[in-house]
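Sequence order for the protein chains is A and B. Under full-length UniProt numbering, the letters of the first sequence match residues 1 to 408, in that order. Under full-length UniProt numbering, the letters of the second sequence match residues 1 to 408, in that order.
These are calculated hints, taken from the structure and not from any lab test. Take these hints with a grain of salt, some might be off.
To be verified - Simulated crosslink set (DMTMM-like; lysine to aspartate or glutamate; CA at most 25 Å straight-line):
1) Lys181(A) <-> Glu272(B)
2) Lys175(B) <-> Glu272(A)
3) Lys408(B) <-> Asp201(A)
4) Lys6(B) <-> Glu36(B)
5) Lys173(A) <-> Glu272(B)
6) Lys181(B) <-> Glu280(A)
7) Lys181(B) <-> Glu272(A)
8) Lys175(A) <-> Glu272(B)
9) Lys6(A) <-> Glu87(A)
10) Lys181(A) <-> Glu280(B)
11) Lys408(B) <-> Glu280(A)
12) Lys408(A) <-> Glu215(B)
Said to hold, decoys possible - Part of the chain B face toward chain A, derived, beta carbon under 8 Å:
13) Phe3
14) Leu140
15) Asn143
16) Val149
17) His152
18) Trp169
19) Pro180
20) Leu204
21) Gly205
22) Phe242
23) Tyr281
24) Asn330
To be verified - Negatives, chain B to chain A, calculated, CB over 12 Å:
25) Lys55
26) Thr72
27) Glu87
28) His108
29) Pro241
30) Asn246
31) Ala248
32) Gln285
33) Thr346
34) Asp348
35) Ile364
36) Thr365
37) Gly391
For clarity, every value in this text was computed on a predicted model and none was experimentally measured. We treat Cβ as the ideally placed atom computed from N, Cα and C, and that holds for glycine.
Protein chains: 2
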Amino acid sequence: MIFEIKRDSDFSIHNLPFGIFSSAGRSPRVGVAIGESILDLQALADLGMFPQIDKAVFAQNSLNAFIALGKTSTSKLRLDLQRWLLEEHPILRENPAVLVSQNEATMHLPIHIGDYTDFYSSIEHATNVGKMFRDPANALLPNWRHIPVGYHGRASSVVLSGTPVQRPWGQAKGKDDVLPKFQPSARLDFELETGFIIGKDTHLGQGINTAEADEYIFGKVLLNDWSARDIQAWEYVPLGPFLAKNFATSISPWVVTLEALAPFRVAGPVQEPAVLPYLEYAGDQNLDIQLNVVLETAVGVSTEICRSNFKYMYWNMAQQLAHHTVNGCNVRVGDLMGSGTISGPTPDSYGSLLELAWSGTQPITLADGSQRSFIENGDTVVMRGFGEKDGVRVGFGEVRGKILPAHK
Amino acid sequence: MIFEIKRDSDFSIHNLPFGIFSSAGRSPRVGVAIGESILDLQALADLGMFPQIDKAVFAQNSLNAFIALGKTSTSKLRLDLQRWLLEEHPILRENPAVLVSQNEATMHLPIHIGDYTDFYSSIEHATNVGKMFRDPANALLPNWRHIPVGYHGRASSVVLSGTPVQRPWGQAKGKDDVLPKFQPSARLDFELETGFIIGKDTHLGQGINTAEADEYIFGKVLLNDWSARDIQAWEYVPLGPFLAKNFATSISPWVVTLEALAPFRVAGPVQEPAVLPYLEYAGDQNLDIQLNVVLETAVGVSTEICRSNFKYMYWNMAQQLAHHTVNGCNVRVGDLMGSGTISGPTPDSYGSLLELAWSGTQPITLADGSQRSFIENGDTVVMRGFGEKDGVRVGFGEVRGKILPAHK
Numbered sequence: 001m002i003f004e005i006k007r008d009s010d011f012s013i014h015n016l017p018f019g020i021f022s023s024a025g026r027s028p029r030v031g032v033a034i035g036e037s038i039l040d041l042q043a044l045a046d047l048g049m050f051p052q053i054d055k056a057v058f059a060q061n062s063l064n065a066f067i068a069l070g071k072t073s074t075s076k077l078r079l080d081l082q083r084w085l086l087e088e089h090p091i092l093r094e095n096p097a098v099l100v101s102q103n104e105a106t107m108h109l110p111i112h113i114g115d116y117t118d119f120y121s122s123i124e125h126a127t128n129v130g131k132m133f134r135d136p137a138n139a140l141l142p143n144w145r146h147i148p149v150g151y152h153g154r155a156s157s158v159v160l161s162g163t164p165v166q167r168p169w170g171q172a173k174g175k176d177d178v179l180p181k182f183q184p185s186a187r188l189d190f191e192l193e194t195g196f197i198i199g200k201d202t203h204l205g206q207g208i209n210t211a212e213a214d215e216y217i218f219g220k221v222l223l224n225d226w227s228a229r230d231i232q233a234w235e236y237v238p239l240g241p242f243l244a245k246n247f248a249t250s251i252s253p254w255v256v257t258l259e260a261l262a263p264f265r266v267a268g269p270v271q272e273p274a275v276l277p278y279l280e281y282a283g284d285q286n287l288d289i290q291l292n293v294v295l296e297t298a299v300g301v302s303t304e305i306c307r308s309n310f311k312y313m314y315w316n317m318a319q320q321l322a323h324h325t326v327n328g329c330n331v332r333v334g335d336l337m338g339s340g341t342i343s344g345p346t347p348d349s350y351g352s353l354l355e356l357a358w359s360g361t362q363p364i365t366l367a368d369g370s371q372r373s374f375i376e377n378g379d380t381v382v383m384r385g386f387g388e389k390d391g392v393r394v395g396f397g398e399v400r401g402k403i404l405p406a407h408k
Numbered sequence: 001m002i003f004e005i006k007r008d009s010d011f012s013i014h015n016l017p018f019g020i021f022s023s024a025g026r027s028p029r030v031g032v033a034i035g036e037s038i039l040d041l042q043a044l045a046d047l048g049m050f051p052q053i054d055k056a057v058f059a060q061n062s063l064n065a066f067i068a069l070g071k072t073s074t075s076k077l078r079l080d081l082q083r084w085l086l087e088e089h090p091i092l093r094e095n096p097a098v099l100v101s102q103n104e105a106t107m108h109l110p111i112h113i114g115d116y117t118d119f120y121s122s123i124e125h126a127t128n129v130g131k132m133f134r135d136p137a138n139a140l141l142p143n144w145r146h147i148p149v150g151y152h153g154r155a156s157s158v159v160l161s162g163t164p165v166q167r168p169w170g171q172a173k174g175k176d177d178v179l180p181k182f183q184p185s186a187r188l189d190f191e192l193e194t195g196f197i198i199g200k201d202t203h204l205g206q207g208i209n210t211a212e213a214d215e216y217i218f219g220k221v222l223l224n225d226w227s228a229r230d231i232q233a234w235e236y237v238p239l240g241p242f243l244a245k246n247f248a249t250s251i252s253p254w255v256v257t258l259e260a261l262a263p264f265r266v267a268g269p270v271q272e273p274a275v276l277p278y279l280e281y282a283g284d285q286n287l288d289i290q291l292n293v294v295l296e297t298a299v300g301v302s303t304e305i306c307r308s309n310f311k312y313m314y315w316n317m318a319q320q321l322a323h324h325t326v327n328g329c330n331v332r333v334g335d336l337m338g339s340g341t342i343s344g345p346t347p348d349s350y351g352s353l354l355e356l357a358w359s360g361t362q363p364i365t366l367a368d369g370s371q372r373s374f375i376e377n378g379d380t381v382v383m384r385g386f387g388e389k390d391g392v393r394v395g396f397g398e399v400r401g402k403i404l405p406a407h408k
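For reference, chain A alone in the conformation it holds in the complex (with noise of 0.2 Å):
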């Protein structure tokens, strides 16, 4: 074999994601993660492989102009990639140097990100927030099971896996406090979500019905939307958290295609009451795919706090899409869709710390015995996330983050 597949690898012949790389100092580009080795697009396209194609778009630094094509050239692209690494094509055995180990290799945002939006479509994430924050006995708000609950994110911020995070500094007025205080946030988290990636770009005015969500959407990836609950909850009333989430936001570096994902489609829950008819959909929008988030300490231990699946959302990303453009907004190739924190029905998992540890009532116990109600500096978060089926697997790898002390 030119390439070598562990059985549990996250990039099995049946994913082939998109990332941006570099290596032995030539300059970023596109590639495809195959085993534990990348795919060098640019190679390829310089030995003459994809002829239908500018070979600029894989000389670029985002996945964005790559994207751009369109599916019916990306799907196509991809498929070809699997059948030359299936039959072990000529050129690839005899060019070697177009499999790069990922070990070799720096990982780069893939994405330039127009617009981020994160939405809010867990019920269970949304039942607990409101029995924490609100009332115990009606959590959900009045809107939630009408409306797949959005806002804008902060796009510059967007950082990849493996960029330390700094605690923020910010406003936070506890409950007994008179006056707000100024200091670093004593209540950061994690939120486990996974973003979509805007393949195809509208005009503004112009919706894109739940029918024909799969068109616009390229692909998947983990996302970590770090929050700092003290700074959000003294901010958010009357406009939503701001900078409570945008110091940072994590991504994971390979985008799973919608096409990967297929194999683990499966229905959603049933929305009661029924949705209003531009978001109504049909077909299985939900997908099946196992989730976890491990927290590792300064000194390196490793406990597992939560493992979650994304076939619990309520709302799905056809009906986020719908929603988001049915008043004419528009969306560009590249714009990065959170689903929101994905809480299962269990507690362990949820899909945050401050569900968790139940705002700090009931701190979590991690293996080396010392306990957590949020992350304290030198954590790090990982988060992991795979479909398997038919002993198919497709993964996404990792989406890591360090917390950093607050800077003086």
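Chain B: place on chain A using the hints.
Here is chain B on its own, set in the frame of chain A:
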């Protein structure tokens, strides 16, 4: 004179704002407004007038590359232009084609906007909204006097003045409705704002303090933050406005530099209680910019419906920028920061129809006797603004948008 300037021109020799224009079939390029003309900077560069600057920055469809040169370069260039115009530099006299009539030019969106943030910094506006929708006795929320409240808006749907805006569809739920309805917005509104444009990148983790803020602000535009009040009321809890705003935001074509606005600096209102130290500032940080809003009906009847002034703002730009970055959030050249609706103390100075017609309870009367509680199809909203002092006038021109009927 090689150029002519009317006494009441916004584009006096003291102004020299930057924009992107095209004319006579030539591609978009950087220009400077003077009187009723545009000075073609690409043409001047081709004539060798800016030997220190890479000519490519003028042959762009956005100002970003030009702005990224830094104020040392851009301020000097502006002062050079001012001198050359005043002394009727031979190059200008010998090359009349470097001056293009504004009537013969097409303007383009002046900046590529990475991120768009909108603030909520008028105490009169926040109080009015609070009175209407929350508690008249406690109109201001507890955080308002401590935080220059802001939220992230949508960059993709920021459009140039003159772009028609289609009435958006969306969910709304009346007080007596059991379920939300899906319909064209029935409470479409404008918000009179200005926006400032970031002139210098920061890196993630780097704050901008109030004393440094001017370095990071290139200039300002007029901004109409179109708002669908019925959609907003139903969607905004708990994550803020989303579809109520992101169908369109209009900005004026000419970016007026901070230097040109310096003569209009005035003291801001006293802030009580005292702000946290990171929000303290020195000097005059408000700007005396006279603003008005004219509503033109479909048949062309114009009525001035608001006169306000940017000097009323409670939170100034330096505080907004210091707050936005105090958690380490990075900014990039071309980011747009909206001021929030600029309402003054008197009812005729309120910066939105929501306030002018007090949520529909006191419709305003137009020059033709018709009334408005919200914007009707065919109405055009025009905002204008200028500073004037000691015979020096520096203006923004206008931001204009016509409301088209919702799609079927």
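How the hints compare with the structure:
A distance of roughly 16 Å separates the Cα atoms of Lys181(A) and Glu272(B); the hinted pair therefore holds under the 25 Å criterion. About 21 Å separates the Cα atoms of Lys175(B) and Glu272(A), which keeps this hinted pair within 25 Å; it holds. The suggested pairing of Lys408(B) with Asp201(A) holds, with an alpha-carbon distance near 22 Å, which does not exceed 25 Å. A C-alpha spacing of about 8 Å is found between Lys6(B) and Glu36(B), which places the hinted pair at or below 25 Å, so the restraint holds.
Of the pairs offered as hints, the one joining Lys173(A) and Glu272(B) holds, with about 17 Å between alpha carbons and a cut-off of 25 Å not exceeded. Distance hint between Lys181(B) and Glu280(A) is fulfilled; the C-alpha atoms sit about 15 Å from each other, no more than 25 Å. The hinted pair formed by Lys181(B) and Glu272(A) meets the criterion: a straight-line CA distance of about 16 Å does not exceed 25 Å. A hinted pair counts as satisfied when its Cα atoms are at most 25 Å apart, and Lys175(A) with Glu272(B) qualifies at roughly 21 Å.
Of the supplied pair hints, the one linking Lys6(A) and Glu87(A) holds, its CA atoms being roughly 18 Å apart against a limit of 25 Å. Pair hint Lys181(A) plus Glu280(B) holds up; C-alpha atoms about 15 Å apart against a cutoff of 25 Å. Of the supplied pair hints, the one linking Lys408(B) and Glu280(A) holds, its CA atoms being roughly 19 Å apart against a limit of 25 Å. Restraint check for Lys408(A) and Glu215(B): satisfied, since their Cα atoms lie roughly 23 Å apart, inside the 25 Å limit.
For Phe3(B), the interface hint is violated, since its Cβ never comes within 8 Å of a Cβ in chain A; the closest pair sits about 36 Å apart. The beta carbon of Leu140(B) comes no nearer than 11 Å to any beta carbon in chain A, farther than 8 Å, and the hint placing it at the interface is violated. Interface hint status for Asn143(B): upheld, as the beta-carbon distance to the closest one in chain A is roughly 6 Å, under 8 Å. Annotation: interface hint on Val149(B) holds; nearest CB of chain A at approximately 6 Å, less than 8 Å.
A distance limit of 8 Å between C-beta atoms decides the matter here; for His152(B) the minimum to chain A is near 4 Å, and the interface restraint holds. Among the interface hints, the one on Trp169(B) holds; its C-beta lies about 6 Å from the nearest C-beta in chain A, closer than the 8 Å criterion. About 5 Å separates the beta-carbon of Pro180(B) from the nearest beta-carbon of chain A, less than 8 Å, and the hint is met. For Leu204(B), the interface hint holds, since its Cβ comes within 8 Å of a Cβ in chain A; the closest pair sits about 6 Å apart.
Among the interface hints, the one on Gly205(B) holds; its C-beta lies about 5 Å from the nearest C-beta in chain A, closer than the 8 Å criterion. Below 8 Å, beta-carbon pairs count as interface contacts, and Phe242(B) has one with chain A at about 5 Å; its hint therefore holds. About 15 Å separates the beta-carbon of Tyr281(B) from the nearest beta-carbon of chain A, more than 8 Å, and the hint is not met. Interface restraint check: Asn330(B) against chain A, minimum CB-CB distance 5 Å, threshold 8 Å, status holds.
For Lys55(B), the non-interface assignment is confirmed: its Cβ lies about 23 Å from the closest Cβ of chain A, beyond the 12 Å cut-off. Annotated as non-interface, Thr72(B) keeps its C-beta farther than 12 Å from every C-beta of chain A; the closest such distance is 24 Å. No beta-carbon of chain A is positioned within 12 Å of the beta-carbon of Glu87(B); the least distance is around 42 Å. The claim that His108(B) is not at the interface with chain A holds, since no C-beta of that chain comes within 12 Å of its own (minimum 15 Å).
Non-interface status of Pro241(B) relative to chain A is broken: a Cβ of that chain comes within 12 Å, the nearest being about 7 Å off. A beta-carbon of chain A is positioned within 12 Å of the beta-carbon of Asn246(B); the least distance is around 4 Å. Chain A draws Ala248(B) into its interface by the beta-carbon criterion, the shortest separation being 7 Å against a cut-off of 12 Å. Once the 12 Å rule is applied to beta carbons, Gln285(B) is consistent with being away from chain A; the minimum gap is 20 Å.
The claim that Thr346(B) lies off the interface holds: its Cβ sits roughly 24 Å from the closest Cβ of chain A, which is beyond the 12 Å cut-off. Distance to chain A confirms Asp348(B) as a non-interface residue, since its nearest Cβ pair spans about 26 Å, more than 12 Å. Consistency note on Ile364(B): stated as away from chain A, and its beta-carbon is indeed over 12 Å from all of that chain's, at 25 Å minimum. Every beta carbon of chain A lies more than 12 Å from that of Thr365(B), the smallest distance being close to 30 Å; the non-interface claim holds.
The claim that Gly391(B) is not at the interface with chain A holds, since no C-beta of that chain comes within 12 Å of its own (minimum 41 Å).
When held up to the earlier numbered hints, the structure conflicts with 13, 14, 23, 29, 30 and 31 and fits the remainder.
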